[in-house]
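With the hints in hand, could you dock these two chains into one complex?
Here is how the chains run, residue by residue.
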Amino acid sequence: MAKRLTTLSSRLVLIVLLIHAVLLPVLFLALSAVVKQNMADSFIDHARVQGRLLADGLELELDKSQSILVAHLDSAILGGRIVYATLQHGDDEITNSLMVSSDLTLFNEDFEFGEHGDQTYYLSLPIISATDMAMLHLGFDESLTQGDFENVQRSIVLIIVAYLLIVIVAMISLSATMTRPLNWLQRASRTIASGEYDRKLETDSNLLEIHNLTQDLERMRRNLVKVNARLRHAQRLESLGTLAGGVAHEFNNVLQPLLLYTDLALEDLPDDSPVVENMERILALANRAKGLSQQILTFGHIDEDAALEEQPFSPVVEEAIIMIRALLPATVDFRVEISAQVGLVRCDPTQIQQLVVNLCNNAYQALTTGDTHINVTLSRRSVDADLAARHPNLRAGEYVVLGVADTGRGMDAETIERIYEPFFTTQTVGEGTGLGLSVVHGIVRRHDGEILLTSEVGKGTQFQIYLPLVSSAGHNKHEQR
Amino acid sequence: MSKGDQMANILVIDDEKDVRVVLKEVLRRAGHDVTLAANGREGLEKLAADGADVVVTDVIMPGTNGVAMVQQIREAHPDMPIIVISGGGNVAPMDYEPGAISTSAYLASATIAGANRTLTKPFERQALVDAVQELLAE
Numbered sequence: 061m062a063k064r065l066t067t068l069s070s071r072l073v074l075i076v077l078l079i080h081a082v083l084l085p086v087l088f089l090a091l092s093a094v095v096k097q098n099m100a101d102s103f104i105d106h107a108r109v110q111g112r113l114l115a116d117g118l119e120l121e122l123d124k125s126q127s128i129l130v131a132h133l134d135s136a137i138l139g140g141r142i143v144y145a146t147l148q149h150g151d152d153e154i155t156n157s158l159m160v161s162s163d164l165t166l167f168n169e170d171f172e173f174g175e176h177g178d179q180t181y182y183l184s185l186p187i188i189s190a191t192d193m194a195m196l197h198l199g200f201d202e203s204l205t206q207g208d209f210e211n212v213q214r215s216i217v218l219i220i221v222a223y224l225l226i227v228i229v230a231m232i233s234l235s236a237t238m239t240r241p242l243n244w245l246q247r248a249s250r251t252i253a254s255g256e257y258d259r260k261l262e263t264d265s266n267l268l269e270i271h272n273l274t275q276d277l278e279r280m281r282r283n284l285v286k287v288n289a290r291l292r293h294a295q296r297l298e299s300l301g302t303l304a305g306g307v308a309h310e311f312n313n314v315l316q317p318l319l320l321y322t323d324l325a326l327e328d329l330p331d332d333s334p335v336v337e338n339m340e341r342i343l344a345l346a347n348r349a350k351g352l353s354q355q356i357l358t359f360g361h362i363d364e365d366a367a368l369e370e371q372p373f374s375p376v377v378e379e380a381i382i383m384i385r386a387l388l389p390a391t392v393d394f395r396v397e398i399s400a401q402v403g404l405v406r407c408d409p410t411q412i413q414q415l416v417v418n419l420c421n422n423a424y425q426a427l428t429t430g431d432t433h434i435n436v437t438l439s440r441r442s443v444d445a446d447l448a449a450r451h452p453n454l455r456a457g458e459y460v461v462l463g464v465a466d467t468g469r470g471m472d473a474e475t476i477e478r479i480y481e482p483f484f485t486t487q488t489v490g491e492g493t494g495l496g497l498s499v500v501h502g503i504v505r506r507h508d509g510e511i512l513l514t515s516e517v518g519k520g521t522q523f524q525i526y527l528p529l530v531s532s533a534g535h536n537k538h539e540q541r
Numbered sequence: 014m015s016k017g018d019q020m021a022n023i024l025v026i027d028d029e030k031d032v033r034v035v036l037k038e039v040l041r042r043a044g045h046d047v048t049l050a051a052n053g054r055e056g057l058e059k060l061a062a063d064g065a066d067v068v069v070t071d072v073i074m075p076g077t078n079g080v081a082m083v084q085q086i087r088e089a090h091p092d093m094p095i096i097v098i099s100g101g102g103n104v105a106p107m108d109y110e111p112g113a114i115s116t117s118a119y120l121a122s123a124t125i126a127g128a129n130r131t132l133t134k135p136f137e138r139q140a141l142v143d144a145v146q147e148l149l150a151e
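So the protein sequences, as listed, match chains A and B. Quick note on numbering: the first sequence equals residues 61 to 541 in our numbering. Quick note on numbering: the second sequence equals residues 14 to 151 in our numbering.
Note that these hints are calculated values from the structure, not bench results. Remember, predicted model here, so these are calculated numbers, not experimental data. Note that the Cβ used here is the ideal one computed from N, Cα and C, for glycine as well. Relax, there's no trap hidden among the hints.
Pulled from the structure, derived: some chain B residues nowhere near chain A, Cβ distances all over 10 Å: (1) Met20; (2) Asn22; (3) Gly44; (4) Arg54; (5) Asp63; (6) Gln84; (7) Arg87; (8) Ala89; (9) Ala126; (10) Asn129; (11) Gln146; (12) Leu148.
Have a look at the derived ranges for each label pair, beta carbon to beta carbon: (13) Glu55(B) <-> Gly351(A): 32 to 40 Å; (14) Glu340(A) <-> Ala121(B): 34 to 42 Å; (15) Lys30(B) <-> Arg250(A): 53 to 61 Å; (16) Arg348(A) <-> Ala121(B): 24 to 32 Å; (17) Glu55(B) <-> Arg348(A): 31 to 39 Å.
Think about it this way: if two alpha-carbon atoms lie no more than 30 Å apart in a straight line, the pair counts; the simulated DSSO-like pairs of lysine-lysine are: (18) Lys37(B) <-> Lys350(A); (19) Lys59(B) <-> Lys37(B); (20) Lys286(A) <-> Lys519(A); (21) Lys286(A) <-> Lys260(A); (22) Lys59(B) <-> Lys30(B); (23) Lys350(A) <-> Lys30(B).
In isolation and in its complexed conformation, chain B is listed as follows (with noise of 0.2 Å):
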């Protein structure tokens, strides 16, 4: 960690164990406490339960809308900063009806939804630790 960075407890939500397991490894180097969480809603639990200063979530995860899940974090905390994260390509919509959505898609309306940062995996190390400063800063 740099002069001025901060510590945080970040909660790491995200249905690839590898992804989830090298993100908590990444911040931890960076100086934070990591929790992780394998879907929505065993994420939205241990944010209910622990809290946390910033959530890092998947936005397209099996079982989850990833989209609705910002909207409840949001709404639930008001403050919180949250970074939303996913894969580039496309992937069939949420009811697999034909037809794709492409990830940036995805990504915009977790904007909406109240996402303060968006990364398209695969990503830099650096880009997440410097997404987490940043909001912690602001």
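For reference, chain A alone in the conformation it holds in the complex (with noise of 0.2 Å):
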């Protein structure tokens, strides 16, 4: 029972039936006695007026024999309601002779109706003619009155207990009516915690809280599919990274001694033999084979021997910029917008001149044919913390912003949520390794920084690099998580 009344409902119930405990009795004393009131006036304004007409009978008769004036005060009597009539005039003292009740001796006029507890109303009414005066004393049954006043009461009691059966019926009904969508959220909020957060949140009431409460409800869930989502693409580059490092280890056992044989065999061969230039290009070839495995490794950022030191981070990427420009094609429109002075940075600038060549080589292969162009900027950004609740690996506080933009052909939602993985291309087969993005994703993520990308096929991809800024005194600026 305990259990129960905790519940919206049959709390509602409890307090109207709370209320209308108190009030109820109250509206039925003060109906009863607004009743009793009205009667009682109405009671006695009648017998007034029916003395008053009897004694204007009377008067005209006082001089007639007493047998008359007796048979005035029976007639009276025989009228109803009427239960002693009693005329004393002079020493005589005439009295009604039918249905004479013997305990009616009192002659007291009654103020109210109901006085004296004897369910008789006394009225004394003198009458006074031009010769003569009498005082005419009548007896009033009540108890018709007081009969018809309990029948009211009653009926009163009736109405009151049909109202509150109706109020507790609509309020059942008025608070199952709120709670349902109440329960429903409930058991969808249920859902959503044991982890089906496909289901959407709304409702059909009208209730501006149900519906506001309905709505927060519905953002958090799709809050939590889209960190679901991004932790889910954080698990598996994890893996890939983790199964990437493993081939990478094998690869690199034969690479050694593939690499080392092929030297010792130039070694042995006479310089002009005509198997020297395909040993060369064994090689060469193993060369390649070892930038890809260390391309493989920065993507799962293993191996890494390079501490990563403080450094100002504007001129890092102005030496990548000046690779870039003699890398690519005069004919490129390159934009390069750099603030000469961003700050300090942990970085290992070798990755982050990588970085800088891959996401401009990316943006490279993205251009079409007609107006197109790729633009650079670093500038200093506070990131506050609704962006930093929307993006995991970003704290509230201050970062360098490296941003690539090209106006190229943009991509897909399925793309973007496969462009880190290695060896994912939509190059040409031949034309990309499918490793520059994961290399990117793999030096963003040693320098505790994040990827912000925002894509339209047809328009164009922007990349934006957050790295963490570090204050000349040398703490980080972070807020501690």
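Put into structure tokens, the structure is as follows:
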């Protein structure tokens, strides 16, 4: 029972019952008092009018015989409501002869209905004529009116009980209406909590609070879906990195003898041997394979020996830009806006330069013919709590932001989902290794940064690389989590 | 061999036969005598029996805890020059539980255990020859 009373609907019904338990008796008493007063006033008015009419009749008959006066009083008794009538005329006391009640002896004047508790209302009326005078005492029966009043009271009780029943039924129905969407939301929340994120939360309730609550929960669900997708993506890249690292280890064990045997064989061969050229090609290919293996390790950020060191970030990027200008065809519209002093970043300059080169190369590959360009920017930005909440690898604080944007082909959602996977490429087979962005991902992760990516098919792609800025005092400016 | 280079007896321990043999050839051409061992146990036995001037050993080999092996060599031969080599990448830990340990972590552990030099495969021929010479000269 105690548990049942913790539900919203049971509490609503209980509160309404408690309010009515206080109010209804008060209402009953007030109504009874009003009705009783009205009935009493009406009874007294009626009695006075009836008494006056009788008195007026007797006024003309005072000089008549006693038997005529008794007949008058008896006719009043027979008219109903009057239970006794006595006329005091001089020393005579003339009383009705019909339906004489032995216990009616008092001639006290009643001021109120129900006074003296004897079911009789006493009324005395003076009779004054030009020559004579007398006093008429009348007793009116209160029991009929009292009975009527009790009937009215019973009716009031019945109406109140009926009203209470209607209220209880209405409250149960109302609370069920109010709690139905809440119960639905509760079930939906439990479904989401159990890991099924696909169920959209919506309500047909027009109650503002429930409508708002549903919207808030739906917003939370959508965020959860996004965070979950991001987590799965990160886990997939993590496991791919681990797998790739394992493959690279075996690969390196094979490459070692391949490189050394080729080197030894070249040493053994006379310079004019026709085999030398082919052996040199084998050596070059083995070295290319070595480079690939190193890129895989960069993606998984495995085996990094160089420590990250605090250094001014702008010159590192500027050096990479010089390299890229040399690599890109002169026809490419390559725009650069670099803030001269963005500040210090803990980084491995070689890796940062590789990151810039890979991003620019990726942008170049995405360019189509026509009015297209690549735009590289470097600036500093404050990450607020809101942005940090949406990107788990960001914390509120100061960052440098390296932007690489192109107005090329752009990417669809499916491509975006997979671009950091090693060997995933949209290039024709043989054109790209599919490692460029995997390496970018590995480098950013190693530098405790985050990649923000926006892309639209046919319009272009923008990468924003956020890397944490170090304060001049050498302390990291970011909130510790 | 260039002038001033020392000749030495070198023990090469690696589970990969191709690596063992090519390292032997590289070191032989650098003027050294080379003994080969295919795993840690064999390496320790040969070291105990024949001794060596320098030990070149892989640090990740099936059935051998390379780091513990380096520690044993160092305890038995406090002055022995030890070069540890390993293929870059990562491998499952020795007890084969889920997860992976990068070889750089192994190399770092081996350095703490007493290795004098570390080389990550694939390395250049000259890198190994130079490392041996440097250790012999010290």
